[in-house]
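Peer 1: Chains A and B, in that order, are what the protein sequence lines are. So for the first sequence, the numbering used here puts the first residue at 1; every next one is plus one. So for the second sequence, the numbering used here puts the first residue at 1; every next one is plus one.
Hints in this document: simulated from the structure, not taken from any laboratory. Warning: the hint list may mix true and false statements.
Partner residues aside, some chain B positions facing chain A, computed with beta carbon under 10 angstroms [said to hold, decoys possible]:
| # | residue |
| --- | --- |
| 1 | Arg60 |
| 2 | Ala137 |
| 3 | Val275 |
Positions of the beta carbon are idealized from the N, C-alpha and C atoms, including for glycine.
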Amino acid sequence: MRKHYRYIAVAVAAATIAGIAGCSATDGGDGGGSESGTVTLLMADPQENVQPALDAFAEAYPDITVEYEYVPFDQFNNLIEQRVGGGDDSVDVYAVDSGAVGSLATKGYLVDLTDDFADKVASDSLPATADANTFDGKLWSVPLWTSLQYLYYNKDLLDAAGVAYPSQNLDEAATYQQLLEDSKKVQAAGATWGLLFGQINRYYQLQPLVESAGGGSGVAGDDLLTADINNEGWLSAMDWYSQLFEDGVAPRGIATEQMSALFATGEAAYLVNGPWQIAQNIAEDKVNYGVAANPVWEGGDPAMSTGSWNLGINPATDNLEASKTLIEFLSLTQEGNSAAAEPQGTSPTFNASFDEFVNGLDARDGERTAGLGELTSALLNNTAVNRPNSPGFTQMADVTGRAFEDIRNGQDVKATLDDAQAELQGLWDRLK
Amino acid sequence: MTLLHHKVDREAGAQPASRRRRRGSGVWKVALVFLAPTLLLLLVLRVIPITEAIVASFQRSPSRVAPPRWVGFENYEALLSNGDFAQVLGVTGLFILIIIPFQVISAIFLALLLNERFPGLGIVRAFIFVPVAAPAAVATVVWGVAFQPQGPINAVLEAVGIPGQPFLTSPDQALLAIIILMSWIGVGYWTLFLVAGLQDIPHELYEAASIDGAGWWRSFFSITLPNLRRTLAFIIVADTVASLIAFVPVALLTRGGPADSTRLIMYDAYNNTFVLGDPHLGQAEVTILILVLVAITALQFRLLGREKES
């Protein structure tokens, strides 16, 4: 069946490419694509998170069928390695994590989209997303969502302990150090947990902590393959992180996926997490919460995680043009991009969709989310840091993830970071 | 088949040697037809993947879609000169040294228990054998919850005045916790073989020993254990092989941590291949693992062969 499709697809693709080449002189080589066939879309989100977008696409392009495959995040990169790396043509479009673009492009796992979409992404999407999808001067994927982080706090627990609410004003953002102290006070007044992070042991979530503490992203060198994860900034940040668990402010041994639920069910005083937490809070309806500016290191620059999933095309695809049509709709049209971001309440990347999203934020959950639109714009404009687009990001995410987990479990900070530095550099040397 | 054999037997004595050889090759052809499905499966599922692994272990490529180039022993040198791989071998060795005696002794104890007649035998038997049927992933997830610092095991410990334990979050306890959960799944399986072995021992031997005045312990060491030798040899070897390729609990619960204390070789090979995208390094590790497994299997044949001679 697949083979059959492949021959047809090759013929269609050849004809379409010829068509595009023929008309490129007049239309500037615009994206465009065929409007028939089946496209398999592989993502790390359950289907309901993109269903409205898929429905809108089905209506706009009735001759293109999208087959959706959901792979949980923990297995996602491994599966890409096996299927895209193994030349499997049954994957056409797949989600590309910000930070992994350089790594995937270097391995030859992505179709170069520069001629099709680079201009459009530059003009119509949030500025930071163009950088996140560009490696070596070429565009390899198109943005679907971006992310930002807020500091959520449980008003009832803070009131019980007599602790002041953290500020929404960026200049008065709570410091990590203050939050650790306040957490203990709130716990003394009865809270189970103090301060949690949505992804408590992953690079995405902890990069702003080390960046704000002056440690940088952990990547150095022109080729972005020199590890720098045991400098002073990293050591200070990880000392603080270690203390969080040593003092019982955050739990050991509980999976990172459960952090969001712990806050939404009223068991934690603070949580650093993305806008999707609002949807969970509303669904659980158990927490009286407020939203404040993402925390900052005492005396350091503010930094906040950003970037999210992007969409790229498998070079082995047997339906290149329909794949381009799909990613263009989801990323570079207001209808598609807004619909794709809506179910989780996450941030879209298409400028018009983003404006719509920000305007609706204040009213997301009544008084609890008042002022959120202004805060969001301030955070994204002043504090957002992308994950480094190193060709060795996969290795970095794995090594630092294990180091964070070891530190969380009480291992010595310096020894753990020194070991991680040596291991990461060893892995990166093999890529040079 | 019967007809064929009959014909072959009838003709065998009367024919000259050259004819017999020709007919001999005919029998081989028939045998080959019957063996073909198995041989084909062996070729596709064993010989080709192993050959590919060995070949790939002498190659390198910047990615899986780029053509690989020959690099001789470079991958092996990278592994063996790396302290992390020494740690992997050390952890795997320690794991085998603890889990095999623990599981074998537990299985002998349980088999002896199940070989006796006592009220409630059926229930005890079910408790021992049911985990064998539970999918490893499900059992692992359930144990993972039980081992959480705020989980049910610590709740019980604290209720009786024992301080809560860190289990999977401590480098001193994580490997032991993995051994306990794997034994919970595996011991029942090995017990099955030993129960069968025990039931094969002629009862007269125990009667004779009893008439000679031998006690329970004397009968155990002089009759039971020697008669179980073949079964035990099989269990020890098969358990060692199964434990060397242990993967699920590490992948689901610890990812090799904390501090690499559960970084078993199979998980490390998987991590190198699929997480870090370095399949050639992973294949070098797999090749080393295959060599160890071949050595263990050879030992098994030797042990069983010697048993046959005696």
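Peer 1: Confirm or reject each hint.
Peer 2: Now for the hints, and whether the structure bears them out:
no. : hint   : result
1   : Arg60  : holds, 8 angstroms
2   : Ala137 : violated, 12 angstroms
3   : Val275 : holds, 5 angstroms
Checked against the numbered hints above, the structure breaks only hint 2 and satisfies the rest.
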